[in-house]
Amino acid sequence: MSPAIITDIPFGESNLKLSNGEIISVPKIILNSVRTRVVQQYFSYCEEDNFEKKGSLSSNMRILHAIGPNVRKSMKGLDNYAADGAKAIESLQKIAALFGRLDKGKEWQDNICKLLTSSKQYLKLEYKTHVVKESEVADHCCTFALSDGTKDYTSSCSHLHQNSCSQCEELDTVLECLMDVSKTITYDNDDQRDDTMYTISESVRAVHEWKKHILRSVNQDMARKSVLENFKEDEMLVERDWAMKFIPMQYRESQSNWFGKRGLNWHVSVATFKYRQALTMITVIHIFDSAPQDAETSNAVLGNSLEIFHQINPCLTNAYIRSDNAGCFHGAASACAMPFLSSIVQCKRMDFADPQGGKSICDRKAAHVKSYIRRYVNEGNDVCTAVDFKNALMKSNIKKVSVVVALQPPKSDSKKKEPTVFKLPKITTVNNFSFKNGGVQVWRQFGIGHGCHIPVVDTATTRDLPELTIIETYLNQQTETEVRQTETEGRQTETEVRQTETEVRQSGIIEAEVSLQEPVTQENEIEVESLVNDNTVTTGDQSNDDVDSVTEEEMSKLFSCNECIKTFSKYGNLLRHLDIGKNSVKQENKKLSDKSKIEYSRHMEKVNTVTVNSNNFSSGNSNSDLTQGWALKLRRTVKRFTQDQKKYLQEKFDRGEKTGQKFDPEEVFQDMRLVRTTSGRKRFSQEEFLLATQIASYFSRLVLNKRKLYNPLYTADDEQSETAEAEFIELNLVAA
Numbered sequence: 001m002s003p004a005i006i007t008d009i010p011f012g013e014s015n016l017k018l019s020n021g022e023i024i025s026v027p028k029i030i031l032n033s034v035r036t037r038v039v040q041q042y043f044s045y046c047e048e049d050n051f052e053k054k055g056s057l058s059s060n061m062r063i064l065h066a067i068g069p070n071v072r073k074s075m076k077g078l079d080n081y082a083a084d085g086a087k088a089i090e091s092l093q094k095i096a097a098l099f100g101r102l103d104k105g106k107e108w109q110d111n112i113c114k115l116l117t118s119s120k121q122y123l124k125l126e127y128k129t130h131v132v133k134e135s136e137v138a139d140h141c142c143t144f145a146l147s148d149g150t151k152d153y154t155s156s157c158s159h160l161h162q163n164s165c166s167q168c169e170e171l172d173t174v175l176e177c178l179m180d181v182s183k184t185i186t187y188d189n190d191d192q193r194d195d196t197m198y199t200i201s202e203s204v205r206a207v208h209e210w211k212k213h214i215l216r217s218v219n220q221d222m223a224r225k226s227v228l229e230n231f232k233e234d235e236m237l238v239e240r241d242w243a244m245k246f247i248p249m250q251y252r253e254s255q256s257n258w259f260g261k262r263g264l265n266w267h268v269s270v271a272t273f274k275y276r277q278a279l280t281m282i283t284v285i286h287i288f289d290s291a292p293q294d295a296e297t298s299n300a301v302l303g304n305s306l307e308i309f310h311q312i313n314p315c316l317t318n319a320y321i322r323s324d325n326a327g328c329f330h331g332a333a334s335a336c337a338m339p340f341l342s343s344i345v346q347c348k349r350m351d352f353a354d355p356q357g358g359k360s361i362c363d364r365k366a367a368h369v370k371s372y373i374r375r376y377v378n379e380g381n382d383v384c385t386a387v388d389f390k391n392a393l394m395k396s397n398i399k400k401v402s403v404v405v406a407l408q409p410p411k412s413d414s415k416k417k418e419p420t421v422f423k424l425p426k427i428t429t430v431n432n433f434s435f436k437n438g439g440v441q442v443w444r445q446f447g448i449g450h451g452c453h454i455p456v457v458d459t460a461t462t463r464d465l466p467e468l469t470i471i472e473t474y475l476n477q478q479t480e481t482e483v484r485q486t487e488t489e490g491r492q493t494e495t496e497v498r499q500t501e502t503e504v505r506q507s508g509i510i511e512a513e514v515s516l517q518e519p520v521t522q523e524n525e526i527e528v529e530s531l532v533n534d535n536t537v538t539t540g541d542q543s544n545d546d547v548d549s550v551t552e553e554e555m556s557k558l559f560s561c562n563e564c565i566k567t568f569s570k571y572g573n574l575l576r577h578l579d580i581g582k583n584s585v586k587q588e589n590k591k592l593s594d595k596s597k598i599e600y601s602r603h604m605e606k607v608n609t610v611t612v613n614s615n616n617f618s619s620g621n622s623n624s625d626l627t628q629g630w631a632l633k634l635r636r637t638v639k640r641f642t643q644d645q646k647k648y649l650q651e652k653f654d655r656g657e658k659t660g661q662k663f664d665p666e667e668v669f670q671d672m673r674l675v676r677t678t679s680g681r682k683r684f685s686q687e688e689f690l691l692a693t694q695i696a697s698y699f700s701r702l703v704l705n706k707r708k709l710y711n712p713l714y715t716a717d718d719e720q721s722e723t724a725e726a727e728f729i730e731l732n733l734v735a736a
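So in the UniProt record's numbering, spot 226 of the sequence shown is number 226, and the numbers just go up one at a time.
One or more of the hints may lead you astray.
[Unchecked claim] Dumping the calculated SDA-like pairs for lysine to any residue here, alpha-carbon to alpha-carbon at most 25 angstroms:
#  : residue 1 : residue 2
1  : K652      : L574
2  : K225      : E379
3  : K359      : Y42
4  : K212      : Q628
5  : K652      : S697
6  : K245      : K647
7  : K94       : R62
8  : K706      : T642
9  : K595      : C46
10 : K633      : K400
11 : K87       : L125
12 : K261      : R276
13 : K225      : D294
14 : K400      : R276
15 : K225      : W630
16 : K639      : I200
17 : K348      : D294
18 : K261      : V703
19 : K87       : T196
20 : K225      : N318
21 : K647      : T693
22 : K682      : E666
23 : K128      : C113
24 : K658      : R635
25 : K400      : T150
26 : K652      : Y710
27 : K633      : D172
28 : K395      : M249
29 : K652      : D625
30 : K400      : E379
No lab work stands behind these hints, which were simulated from the structure alone.
Build the full structure now, drawing on both the sequences and the hints.
This is the structure we're talking about:
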């Protein structure tokens, strides 16, 4: 399932009903565009690869309609880069409408808006398919875009960047056009000019950051792809994530119990490993009644998960770790502890997704688990504690999922001397860690440069890692024994084949003896041979081959078997066939919709190792002015709020507290650009404008400080638990 076409969401489940009444449950996904455009993209990709058997438009539309992926006009939970970039495109379209009204005209406005729309679709759907490790197009070349110029984090390209991409150049052209027009056009007043100039500068920056984020995300996903493509029998890929807090659920719940519930912390670990040339996935969930989601707890959870995975498959002794950029994962405490988490399983490498781009298989597994628990509650049960959570999954038929109920690691004794915490320089700028030679090899971006080696001292911080206190454990019996059963089933299959061969030889002797009682004709010989061959059918595939070999002449024979499709010209041959009991049954062909649903469900459970790449670029001289390292994330300077900014935000907050109509951060952001003093001058300059995210963060701190005055025990976790219920309800409404 290509991420260029779909987006995973960590909530919701779809039920696909087959024609025979069977129901297949799969996680919900989002199509990034309408179904017609998805089919057009597929046709375009087939033409590039000279693939002719692509089906008709109607057949592909029927397939998409059968699996029923969601097509959304509004989405929540998107990464900030994508949301800000899409919003910036809309702001630029409004600016184009303003310029069209002021001077440029309707035709110019329509042309600019059309280019902006096509550029938005390109970044949203197609750009990630153009990005490759090395390319002659500077906009598509990861090696060129992510080399920072230093010896440790730079790789040289073996080619020239002399080609150009028409769609990338179209994006650059329309942005430059708007910026040039904004400097020369005549505005109605100075306030309009200042507001327009600020909007354009911020929107262009957001679009460029969106493009950089896509390229970095594709490059970081190559780390995962390289692991999956080069798996050994003793290696596994472990993807981990803290799921959104689980809100307790009751079958019958009063209003007093519905408000102010505290969520349960739960962690999802998914291991992917190769067994008998096939990729297998196993999930382990750690559930806590209450636990901090910090590095100490995350390390203890990962250590316990590695031991469980090794218990399930003792061959697994090496692990590759992948996670998002949460602070509990991406820090010196986690990186330095990796080599010492387990004495059985060695962590070879730890990779991080690009910030805001960490959607993984853990989100799909979390969605599955929530659906099973909701079904369990609807049967008349309550899930209010971690033990209830475990019991709900234990009584369900969810496959390959084990649950551990645990307490957070014990805190270190305050009387003992605190060990010094080892620090890695510029930890937030590096995303890939390799553990070897008594140290850590770090990279800013995967595969760019030879990396920087940092020695790690074996201190008490790394040796004496705290462990979880396990309360209850449920290891799915299917999960625990599946690997061993696979090998046993293989031996049983070989035994069955040998037994079948023996039966065939015996049946051949019997038929030969019987056939001596009557004249042996050529027709009888053919029938006896056909009967013997029919007895050798042991698998579905061989049965289908035998069915296909039935000719029209055989179908016109007089004596037919009521149990299968075989017919015979002599009654004696029919009796011998019935005595042996080996029937040939023609398998009924499945409908296209059923095939689509079954294949879709199978692919949703698979680990995607294929990245679709397109070579759609135009040759010729490149006009790009991109420099080496253009896609690297730049650290924005952090400035303290001025007294006037704090006073303004405090006024908005107090007014919302008094009236009960709290201000939305986006609304305050817009108002901040227009507010004036008593003398009629603008209260804030462009440099003093705050983003909506900054305003939301400041309001959150004010709420926390206020509640601490009334309740000293009130923490940020209490605030998070209060908002989690509302967020969960909103997400369910979006998924409906």
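Checked hints:
1. K652 / L574: 91 angstroms, violated
2. K225 / E379: Violated, because 41 angstroms separates the two Cα atoms, which is more than 25 angstroms.
3. K359 / Y42: The given pair, whose Cα atoms are some 23 angstroms apart, holds under the 25 angstroms limit.
4. K212 / Q628: Given that 25 angstroms is the threshold and the Cα spacing comes to 13 angstroms, the pair holds.
5. K652 / S697: This hinted pair holds, its Cα atoms lying about 14 angstroms apart.
6. K245 / K647: Given that 25 angstroms is the threshold and the Cα spacing comes to 34 angstroms, the pair is violated.
7. K94 / R62: This hinted pair is violated, its Cα atoms lying about 37 angstroms apart.
8. K706 / T642: Given that 25 angstroms is the threshold and the Cα spacing comes to 21 angstroms, the pair holds.
9. K595 / C46: 21 angstroms, holds
10. K633 / K400: 38 angstroms, violated
11. K87 / L125: 16 angstroms, holds
12. K261 / R276: 46 angstroms, violated
13. K225 / D294: Roughly 28 angstroms separates the two Cα atoms, so the pair is violated.
14. K400 / R276: Holds, at about 17 angstroms.
15. K225 / W630: 24 angstroms, holds
16. K639 / I200: 22 angstroms, holds
17. K348 / D294: Given pair K348, D294 holds - Cα atoms ~22 angstroms apart, limit 25 angstroms.
18. K261 / V703: 18 angstroms, holds
19. K87 / T196: Roughly 15 angstroms separates the two Cα atoms, so the pair holds.
20. K225 / N318: 17 angstroms, holds
21. K647 / T693: Holds, at about 18 angstroms.
22. K682 / E666: 19 angstroms, holds
23. K128 / C113: 23 angstroms, holds
24. K658 / R635: 38 angstroms, violated
25. K400 / T150: 45 angstroms, violated
26. K652 / Y710: 21 angstroms, holds
27. K633 / D172: 19 angstroms, holds
28. K395 / M249: Within the cut-off at roughly 16 angstroms; holds.
29. K652 / D625: 44 angstroms, violated
30. K400 / E379: With Cα atoms ~23 angstroms apart, K400 and E379 stay inside 25 angstroms; holds.
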